[in-house]
Amino acid sequence: IHSMGIEKLIPKWQDLGIFTRLLARSATGQPISIYTSHYTKPRADAPMHIILVDNGRTDQLAREHFRKSLACIRCGACMNTCPIYRRSGGHSYGSTIPGPIGSILTPGRDLKTYSPLPFASTLCGSCSDVCPVKIDIHQQLYRWRQIIAEENLLPKFKTIPMNIAGRILANTRRYDRLGRMARWWLLRLPGWMVNGRWNPWGKHRDLPDAPRDSFKEWYAKNRRHGS
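Taking the working numbering, I'd label the letters of the sequence shown as residues 1 to 227.
One or more of the hints may lead you astray.
The following label-pair restraints were derived from C-beta to C-beta distances [as the list claims (entries may be wrong)]:
1. Arg174 x Val133: 41 to 51 Å
2. Tyr142 x Lys8: 41 to 51 Å
3. Tyr142 x Ala170: 50 to 60 Å
4. Arg205 x Gly89: 54 to 64 Å
5. Tyr142 x Ser88: 49 to 59 Å
6. Ala149 x Ala46: 31 to 41 Å
7. Ala149 x Lys41: 49 to 59 Å
8. Arg212 x Leu111: 20 to 30 Å
9. Lys8 x Gly125: 21 to 31 Å
With a straight-line cut-off of 27 Å between C-alpha atoms, the simulated BS3-like cross-links for lysine-lysine are [claimed, not checked]:
10. Lys158 x Lys112
11. Lys112 x Lys41
12. Lys68 x Lys8
13. Lys68 x Lys112
14. Lys68 x Lys156
15. Lys221 x Lys203
16. Lys156 x Lys12
17. Lys158 x Lys134
18. Lys221 x Lys156
19. Lys134 x Lys216
20. Lys8 x Lys134
21. Lys221 x Lys158
FYI, nobody ran anything at the bench for these hints, they're computed from the structure.
For each residue, glycine too, the CB sits at the ideal point set by N, CA and C.
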């Protein structure tokens with residue numbers, strides 16, 4: 001009994017050699033792996049059954065921005081190069097298919113449950129660069145993030161700070177004024193407060209000392225002096 005996804009069908013027998021070589025070289029760097037088997041017909045003493053599984057694949061095919069993800073040949077190249085996967089491992093994704101490719105396939109099954117997965121990426125694009133079938137993985141991750149935001153599935157601890165940051169960054173005077181206030185406090189607060197438990201980044205390293213002037217202020221002074 002052989003079970004396979006409907007996206008694994010290829011047009012012709014002659015095309016198989018290309019995919020076999022592509023898979024082994026991209027997965028393990030070998031000309032061919034021992035996990036490749038060929039069955040051409042049933043044995044004389046037993047039938048052979050081939051099960052074609054949909055399981056949401058046609059839904060993914062209907063999504064214009066994500067249908068190319070079905071071209072995946074499961075080589076794992078995107079996982080090997082992904083800085084997030086290399087640090088966290090496969091089980092941290094909580095889905096059958098981990099890594100960058102899993103983060104664009106799994107949300108199509110249950111967007112609410114797996115909405116954090118597209119954010120488990122730096123969007124560096126390394127996954128797209130190494131993909132042998134040229135799936136634009138990091139672009140699809142970014143598109144899933146947009147959809148999650150449009151569906152209001154982002155947690156409050158993300159939306160509230162981002163809305164506040166958006167208001168600050170949208171107004172130059174407000175940004176400059178709050179920047180001066182932040183630098184003033186950072187220069188005067190004790191280190192245990194700046195790098196306390198509320199600051200996850202500060203658990204393992206100290207924030208650098210805040211400059212007295214922003215780059216904008218420094219540039220204005222030095223430009224005025226002709227230096």
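So, going through the hints one by one against the coordinates:
1. Arg174 x Val133: 41 to 51 Å: 47 Å, holds
2. Tyr142 x Lys8: 41 to 51 Å: For Tyr142 and Lys8 the Cβ distance comes to about 27 Å; the hint is violated.
3. Tyr142 x Ala170: 50 to 60 Å: 21 Å, violated
4. Arg205 x Gly89: 54 to 64 Å: 23 Å, violated
5. Tyr142 x Ser88: 49 to 59 Å: Violated: the Cβ-Cβ distance is about 20 Å, outside 49 to 59 Å.
6. Ala149 x Ala46: 31 to 41 Å: The hint (31 to 41 Å, Cβ to Cβ) is violated, given that Ala149 and Ala46 are roughly 53 Å apart.
7. Ala149 x Lys41: 49 to 59 Å: 51 Å, holds
8. Arg212 x Leu111: 20 to 30 Å: 47 Å, violated
9. Lys8 x Gly125: 21 to 31 Å: 26 Å, holds
10. Lys158 x Lys112: 16 Å, holds
11. Lys112 x Lys41: 43 Å, violated
12. Lys68 x Lys8: Status holds; Cα separation ~13 Å.
13. Lys68 x Lys112: Within the cut-off at roughly 22 Å; holds.
14. Lys68 x Lys156: 32 Å, violated
15. Lys221 x Lys203: Cα-Cα ~36 Å, so violated.
16. Lys156 x Lys12: 50 Å, violated
17. Lys158 x Lys134: Roughly 32 Å separates the two Cα atoms, so the pair is violated.
18. Lys221 x Lys156: 40 Å, violated
19. Lys134 x Lys216: Answer violated: Lys134 to Lys216 is near 41 Å, above 27 Å.
20. Lys8 x Lys134: 16 Å, holds
21. Lys221 x Lys158: Judged against 27 Å, a Cα distance of about 37 Å means the pair is violated.
Hints 2, 3, 4, 5, 6, 8, 11, 14, 15, 16, 17, 18, 19 and 21 from the earlier list are contradicted by this structure; the remaining hints agree with it.
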